[in-house]
Amino acid sequence: DGGITQSPKYLFRKEGQNVTLSCEQNLNHDAMYWYRQDPGQGLRLIYYSQIVNDFQKGDIAEGYSVSREKKESFPLTVTSAQKNPTAFYLCASSAARDSIPATFGSGTRLTVV
Amino acid sequence: AQSVTQLGSHVSVSEGALVLLRCNYSSSVPPYLFWYVQYPNQGLQLLLKYTSAATLVKGINGFEAEFKKSETSFHLTKPSAHMSDAAEYFCAVTQYGGYQKVTFGTGTKLQVIP
Chain A
1 DGGITQSPKY LFRKEGQNVT LSCEQNLNHD AMYWYRQDPG QGLRLIYYSQ
51 IVNDFQKGDI AEGYSVSREK KESFPLTVTS AQKNPTAFYL CASSAARDSI
101 PATFGSGTRL TVV
Chain B
1 AQSVTQLGSH VSVSEGALVL LRCNYSSSVP PYLFWYVQYP NQGLQLLLKY
51 TSAATLVKGI NGFEAEFKKS ETSFHLTKPS AHMSDAAEYF CAVTQYGGYQ
101 KVTFGTGTKL QVIP
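Going down the list, the protein sequences come from chains A and B. Numbering follows our numbering, with no gaps: position 12 of the first sequence is 12. Numbering follows our numbering, with no gaps: position 28 of the second sequence is 28.
Bound conformation, chain B alone (with noise of 0.2 Å):
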């Protein structure tokens, strides 16, 4: 079994301020992990994936999100927020020989606030 809990369906940041985007996950086995963006009325855009290698992975748009199997946790974060970043966001999660089986979190709405 496997699912993701993402904390806080909504988060307001100022812009030019950290981003903060909180995942945790739960898997029987070694999780591979994503982050996805969906712009209002349009499909979801993979911003950045874990799949067993490097712990901090970098992704599209200057976000990066590190995996911490110690806290099963994979928050996304971005050092300065630019208004282009406003959107929901989606934490993910699948297994090795599973991906069509990819389980979603309920979705983080991320305002900035200029």
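Just chain A, with the same shape it has in the complex (with noise of 0.2 Å):
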């Protein structure tokens, strides 16, 4: 079945420590979402990515990295410059460039230990 494939689902951080949170689709979608879930709060957007080899920023990119070699794969960095990583991370897809994220992952727990 097509998807979206988060992994690991639980992480744990050190301070201090860079993490990369894994996101994989086989939906052949042109675009992919990183976003930032914290308790009563809406989603966030971190980065986003309209193509191979290109992305934006989003609202709250600071201390994260992405990168999109590969259409169907999308990791996030979440870098020690991050202050508060501890949330609830989602990856999603949309087949066009221009379409809304439809497509999510079941998501990655980070927490900072």
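Calculated from the structure, these hints are not laboratory results. A quick note: this is a predicted structure, and the numbers were derived from the prediction, not measured. Incorrect hints may have been included.
Said to hold, decoys possible - Here are the simulated SDA-like pairs of lysine to any residue, each with C-alpha atoms no more than 20 Å apart in a straight line:
1. Lys101(B) / Gln17(A)
2. Lys109(B) / Pro39(A)
3. Lys71(A) / Asp30(A)
4. Lys69(B) / Ala53(B)
5. Lys101(B) / Glu15(A)
6. Lys57(A) / Lys101(B)
7. Lys101(B) / Thr103(A)
8. Lys69(B) / Ser52(B)
Claimed, not checked - Among chain B residues calculated to face chain A with C-beta under 10 Å, some are:
9. Gln42
10. Leu46
11. Val102
12. Gly107
Claimed, not checked - One side of the interface only, derived from the structure: several residues of chain A facing chain B at Cβ under 8 Å:
13. Gly40
14. Leu43
15. Tyr48
16. Ile51
17. Ile100
18. Pro101
19. Phe104
20. Ser106
21. Gly107
We put the CB at the ideal spot given by N, CA and C, even for glycine.
Dock chain one against chain two, each of which comes alone in its own frame, and use the hints as you go.
The following block contains the structure:
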């Protein structure tokens, strides 16, 4: 079945470490997105990519980095510069560059220990 | 600028009762509006979308929403709640040509009481 796979499901990070969250899709979608979700808040856009080798910052990009070397993959790195990284991270995709994110992965819950 | 406000972070209904989840929007240009549903520890699923065609939009699982420009509202309804409807619901807004910049509401958790 087609969909988005996020891994790992749970991730623990020590202070000062960089960690990378994986997002893979087999839907042949052009656009991919990373969102952060905190309790009682809506989703906030971190980065998005409309095409391979291109990506743009969202509303809260500071302390995060991404790459889009392959159409099916859009990994997110949470760097040590991100002061409050504990959150639920969601990856999403859309079929075309001009359509809204309609397919989401099951998320990665990141906790700083 | 665009935003959505969801009234009520928690809503409880009895099984079989009407579901009404409220969403008001603010947008400087004609908006596109959406409702998503999220089950625990899962991603979001698109329930329905308004993109300036019919003002009454029907979605999956028996949900529908009506765009009311005069009230700047896009409330989500379902005539009869089912236990499986218990989830968190998010209203969202974007603009033509800016689909990547979807702004989400803070969510409403729906509890269905047997």
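Outcome of the hint check:
1. Lys101(B) / Gln17(A): Between Lys101(B) and Gln17(A) the Cα gap is close to 29 Å, so the pair fails against 20 Å, i.e. violated.
2. Lys109(B) / Pro39(A): This hinted pair holds, its Cα atoms lying about 12 Å apart.
3. Lys71(A) / Asp30(A): Roughly 7 Å between the alpha carbons, so the hint for Lys71(A) and Asp30(A) holds.
4. Lys69(B) / Ala53(B): Answer holds: Lys69(B) to Ala53(B) is near 13 Å, not above 20 Å.
5. Lys101(B) / Glu15(A): 31 Å, violated
6. Lys57(A) / Lys101(B): Judged against 20 Å, a Cα distance of about 10 Å means the pair holds.
7. Lys101(B) / Thr103(A): Given pair Lys101(B), Thr103(A) holds - Cα atoms ~15 Å apart, limit 20 Å.
8. Lys69(B) / Ser52(B): 11 Å, holds
9. Gln42: 5 Å, holds
10. Leu46: 5 Å, holds
11. Val102: 6 Å, holds
12. Gly107: Since chain A brings a Cβ to about 6 Å from Gly107(B), closer than 10 Å, the hint holds.
13. Gly40: 6 Å, holds
14. Leu43: Status holds, d = 5 Å.
15. Tyr48: 5 Å, holds
16. Ile51: 12 Å, violated
17. Ile100: Holds. Min distance 5 Å.
18. Pro101: 7 Å, holds
19. Phe104: Because about 3 Å separates Phe104(A) from the closest Cβ in chain B, which is inside the 8 Å limit, the hint holds.
20. Ser106: 5 Å, holds
21. Gly107: 6 Å, holds
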